[in-house]
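Listed below, chain by chain, are the residues.
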Amino acid sequence: MSRNLYDLMGLAAAVLFILALKGLSSPKSARRGNALGALGAFVATIIVFFYPGEKGELPLDNLGWILGAIAIGVVIGVPAARMVKMTQMPQMVALFNGVGGGAAALVAIVEYIKLGESASFAAVLATVFTVVVGCISFSGSIVTFLKLQELMTTRPVILPFGRTLIFANLAAVIGVSGWVMSELGTSPLLILAGLSLLFGVLFVLPVGGADVPIVISLLNAFTGLTVAASGYVLEATLLIVAGTLVGASGTILTRLMAEAMGRSLFGTLFGAFTQKAQDATGTGEERPVKSGSPEDVAILLNYARRVVIVPGFGLAVAQAQHTVREMADLLSAKGIDVAYGIHPVAGRMPGHMNVLLAEANVPYEQLVEMEEVNPTFAQTDVALVVGANDVVNPAAKTTPGCPIYGMPILDVQQSANIIFLKRSMRPGFAGIENELLYDPKTTLLFGDAKASLTKVVSALKSL
Amino acid sequence: MSEAMALLAIFTLAIFVGFEVVSKVSSTLHTPLMSGANAIHGIILVGAIIVASHSHTSLELGLSIAAIILATINVVGGFVVTDRMLEMFKGKKKS
Numbered sequence: 001m002s003r004n005l006y007d008l009m010g011l012a013a014a015v016l017f018i019l020a021l022k023g024l025s026s027p028k029s030a031r032r033g034n035a036l037g038a039l040g041a042f043v044a045t046i047i048v049f050f051y052p053g054e055k056g057e058l059p060l061d062n063l064g065w066i067l068g069a070i071a072i073g074v075v076i077g078v079p080a081a082r083m084v085k086m087t088q089m090p091q092m093v094a095l096f097n098g099v100g101g102g103a104a105a106l107v108a109i110v111e112y113i114k115l116g117e118s119a120s121f122a123a124v125l126a127t128v129f130t131v132v133v134g135c136i137s138f139s140g141s142i143v144t145f146l147k148l149q150e151l152m153t154t155r156p157v158i159l160p161f162g163r164t165l166i167f168a169n170l171a172a173v174i175g176v177s178g179w180v181m182s183e184l185g186t187s188p189l190l191i192l193a194g195l196s197l198l199f200g201v202l203f204v205l206p207v208g209g210a211d212v213p214i215v216i217s218l219l220n221a222f223t224g225l226t227v228a229a230s231g232y233v234l235e236a237t238l239l240i241v242a243g244t245l246v247g248a249s250g251t252i253l254t255r256l257m258a259e260a261m262g263r264s265l266f267g268t269l270f271g272a273f274t275q276k277a278q279d280a281t282g283t284g285e286e287r288p289v290k291s292g293s294p295e296d297v298a299i300l301l302n303y304a305r306r307v308v309i310v311p312g313f314g315l316a317v318a319q320a321q322h323t324v325r326e327m328a329d330l331l332s333a334k335g336i337d338v339a340y341g342i343h344p345v346a347g348r349m350p351g352h353m354n355v356l357l358a359e360a361n362v363p364y365e366q367l368v369e370m371e372e373v374n375p376t377f378a379q380t381d382v383a384l385v386v387g388a389n390d391v392v393n394p395a396a397k398t399t400p401g402c403p404i405y406g407m408p409i410l411d412v413q414q415s416a417n418i419i420f421l422k423r424s425m426r427p428g429f430a431g432i433e434n435e436l437l438y439d440p441k442t443t444l445l446f447g448d449a450k451a452s453l454t455k456v457v458s459a460l461k462s463l
Numbered sequence: 464m465s466e467a468m469a470l471l472a473i474f475t476l477a478i479f480v481g482f483e484v485v486s487k488v489s490s491t492l493h494t495p496l497m498s499g500a501n502a503i504h505g506i507i508l509v510g511a512i513i514v515a516s517h518s519h520t521s522l523e524l525g526l527s528i529a530a531i532i533l534a535t536i537n538v539v540g541g542f543v544v545t546d547r548m549l550e551m552f553k554g555k556k557k558s
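Protein chains in written order, with our numbering: chain V, 1 to 463; chain P, 464 to 558.
Treat the hints with care, as some may be off.
As a list, the in silico BS3-like pairs of lysine-lysine whose alpha-carbon atoms are at most 30 Å apart [said to hold, decoys possible]:
# : chain 1 : residue 1 : chain 2 : residue 2
1 : V       : Lys441    : P       : Lys487
2 : V       : Lys114    : P       : Lys487
3 : V       : Lys28     : V       : Lys114
4 : V       : Lys22     : P       : Lys487
5 : V       : Lys441    : V       : Lys455
6 : V       : Lys334    : V       : Lys85
7 : V       : Lys461    : P       : Lys487
8 : V       : Lys22     : V       : Lys85
Derived list of chain V stretches under chain P, where covered just means 3 residues or more per stretch with a C-beta under 8 Å from a C-beta of chain P [said to hold, decoys possible]:
#  : segment
9  : 76-88
10 : 92-102
11 : 241-250
12 : 380-394
Source of the hints: derived by calculation from the structure; they are not laboratory data.
Even glycine gets a Cβ: it sits at the ideal position worked out from N, Cα and C.
Could you put the whole structure together from the sequences, leaning on the hints where they help?
Set out below in structure tokens:
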């Protein structure tokens, strides 16, 4: 392939990536956008085998190894993406991001080994940058995966001397980076990689469960920048464009997500260092709550004029989307006004709940976004909270210093009656007690969301 | 313009394009957009293939083969999972 043809094809792939991001920003074109991105990646991967570098065509000595490795990656990646449950998708994205960061770091380590004495300062800097940031992205993403999969605590982990530790770690990373750049050597580079991996862990540990999506988005942007830096060292323009696009759009997206959650980006990332680990008020102490039977709930719903369903992650875990829709249909048939109040971060990530309810064919017009539904709670007879907690917790407004303080919430406390379907009194993902559970107008129905809803549905039918 | 300056120009322009294309996106699409962007950076696969082809020692080859496997998981898995998310949005519109 001639150099011009190669560059032209590379340019086409870059344009496809831009169109992909553009398409993904609007609901109508999102799926096509994703397909264009995949096409771009396919083109880029094919043409690299015909790469006409300065030293002639790409040597194909290791072709068997390369194709074998791609096959292994496909065999792992495709079934993983196909079989993951929609509820577990956020951690899947975190994991994919992590392996991308790991790949970038490995590429940079090989580049570093190959760098000769004649390498320019910029090339050495870009290589070391990729090793550091790629490793941070890798280990940080693994920790976010463990948090979202609930393999470890979702609460902020505050280590003793955590702040000192992380600054010492950062200083060590910078120091060793300088050493690695001034005299090329493989063992200091491995020390640097180890320190960077540690930094990724320390960086994510203090972040609370509810803020984890913001961190995934940030690490995603980081990985993009490492890809751009690798592109600079390898003189592969396409990698520069693709990596920078992801880095820039990822940064914007991180900010938008933080805004949707009412969090300052800085506060999210560094808040845990400045604030003390905060215990919920009255944790462990027994306080009276009003729990009801499915029949009580059915009666409350049956005589309501307006019901707002607030779905949360608990609904998704119980796979109760279909049952909740059945109940909503029954209520609509009785002439009751039914709407779903969707918090922007209901579920585990912004937009996650929309994906889950769409899966259950809930009519689009019943899904009402937070800004629109909030003014209507005062005229709502029953707010039915299904497996949600943090997104309706008034502590976000009333308790400065609590981990979700400042996050916009659904104002269910303004409605005449509140029903919580919950598995237990356990606090939500952010680990904070919800005062609303003890409110006199609140009724609790304990149990798995799907089982509870099924009982409510049959009680409604017999009324 | 020197090669390095040309690359710097590309980098700078790409930053602005990246900012521009996603500046107005509804919160509904945050998750798929993040996932799609995540798949795009899997294109580090291209870099991994380049370094693997120039690998002479078994250490270099081993590291770059590992990089290829990880990058392939990122790019292929990323696009597939994004498509699965968006498939659901399509179903919603029909009903």
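Going through the hints against the structure:
As the CA atoms of lysine 441 of chain V and lysine 487 of chain P are separated by approximately 40 Å, the hinted pair breaks the 30 Å bound. A threshold of 30 Å between alpha carbons decides the hint, and for lysine 114 of chain V with lysine 487 of chain P the separation of about 42 Å lies outside it, so the pair is violated. Of the pairs offered as hints, the one joining lysine 28 of chain V and lysine 114 of chain V is violated, with about 46 Å between alpha carbons and a cut-off of 30 Å exceeded. As the CA atoms of lysine 22 of chain V and lysine 487 of chain P are separated by approximately 10 Å, the hinted pair is consistent with the 30 Å bound.
Proximity of lysine 441 of chain V to lysine 455 of chain V is assessed by CA-CA distance (about 22 Å); at most 30 Å being required, the pair is judged to hold. Proximity of lysine 334 of chain V to lysine 85 of chain V is assessed by CA-CA distance (about 34 Å); at most 30 Å being required, the pair is judged violated. Proximity of lysine 461 of chain V to lysine 487 of chain P is assessed by CA-CA distance (about 45 Å); at most 30 Å being required, the pair is judged violated. Using a Cα cut-off of 30 Å, the hinted pair lysine 22 of chain V and lysine 85 of chain V holds, with the two alpha carbons roughly 27 Å apart.
A count of 8 residues in the segment 76-88 of chain V with a Cβ less than 8 Å from any Cβ of chain P is obtained; the coverage claim is therefore met, three being the minimum. Coverage of the segment 92-102 of chain V by chain P holds. Counting CB-CB distances below 8 Å, 7 residues qualify, and the rule asks for three or more. Counting residues of the segment 241-250 of chain V whose C-beta lies closer than 8 Å to any C-beta of chain P gives 10; at least three are required, and the coverage claim holds. Counting residues of the segment 380-394 of chain V whose CB falls under 8 Å from any CB of chain P gives 0; the rule of at least 3 is not met.
Violated hints, in rising order: 1, 2, 3, 6, 7, 12; the structure is consistent with all others.
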